[in-house]
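Peer 1: Sequence:
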Amino acid sequence: MSLRTIALVACCLLLVACNKINQANYSKLEAGMAKAEVETLLGRPSECAGALGVLSCTWGTQERFISVQYAGDKVLMFSGKGLQ
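Under mature numbering (1 follows the signal peptide of the UniProt record, and there is no 0), residues -23 to -1, 1 to 61 are what the sequence shown spells out, in order.
By construction, these hints were calculated from the structure, which means they are not laboratory data. Take the hints with a grain of salt, since some may be wrong.
[As the list claims (entries may be wrong)] For lysine-lysine, the following DSS-like pairs were computed, each having C-alpha atoms within a straight-line distance of at most 30 Å:
#1 Lys58 - Lys(-4)
#2 Lys5 - Lys51
#3 Lys(-4) - Lys12
#4 Lys58 - Lys5
#5 Lys51 - Lys12
#6 Lys12 - Lys58
#7 Lys51 - Lys(-4)
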């Protein structure tokens, strides 16, 4: 196995280990948390959309994600899919 292959495998493993979209972080979410606290926990969201004072942000992909809905700056509700 070449050094290049070993480095590529190591980088892939590191990226998987650093993924913040997981059950452990999902379990730390609570209604009433500030948006800044959620972003400290999960990082910057993949996308956000809002209307009428309600903001919905998603982290991850269609297969594996955490979605958080905010009223003002506080968590109203949240959901997840494909978490391990």
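Peer 1: Now tell me, hint by hint, if it's right for this structure.
Peer 2: Going through the hints against the structure:
1. Lys58 - Lys(-4): Status holds; Cα separation ~14 Å.
2. Lys5 - Lys51: holds, 15 Å
3. Lys(-4) - Lys12: Given that 30 Å is the threshold and the Cα spacing comes to 16 Å, the pair holds.
4. Lys58 - Lys5: holds, 15 Å
5. Lys51 - Lys12: holds, 6 Å
6. Lys12 - Lys58: Roughly 20 Å between the alpha carbons, so the hint for lysine 12 and lysine 58 holds.
7. Lys51 - Lys(-4): holds, 20 Å
In this structure, none of the earlier numbered hints is contradicted; all agree with it.
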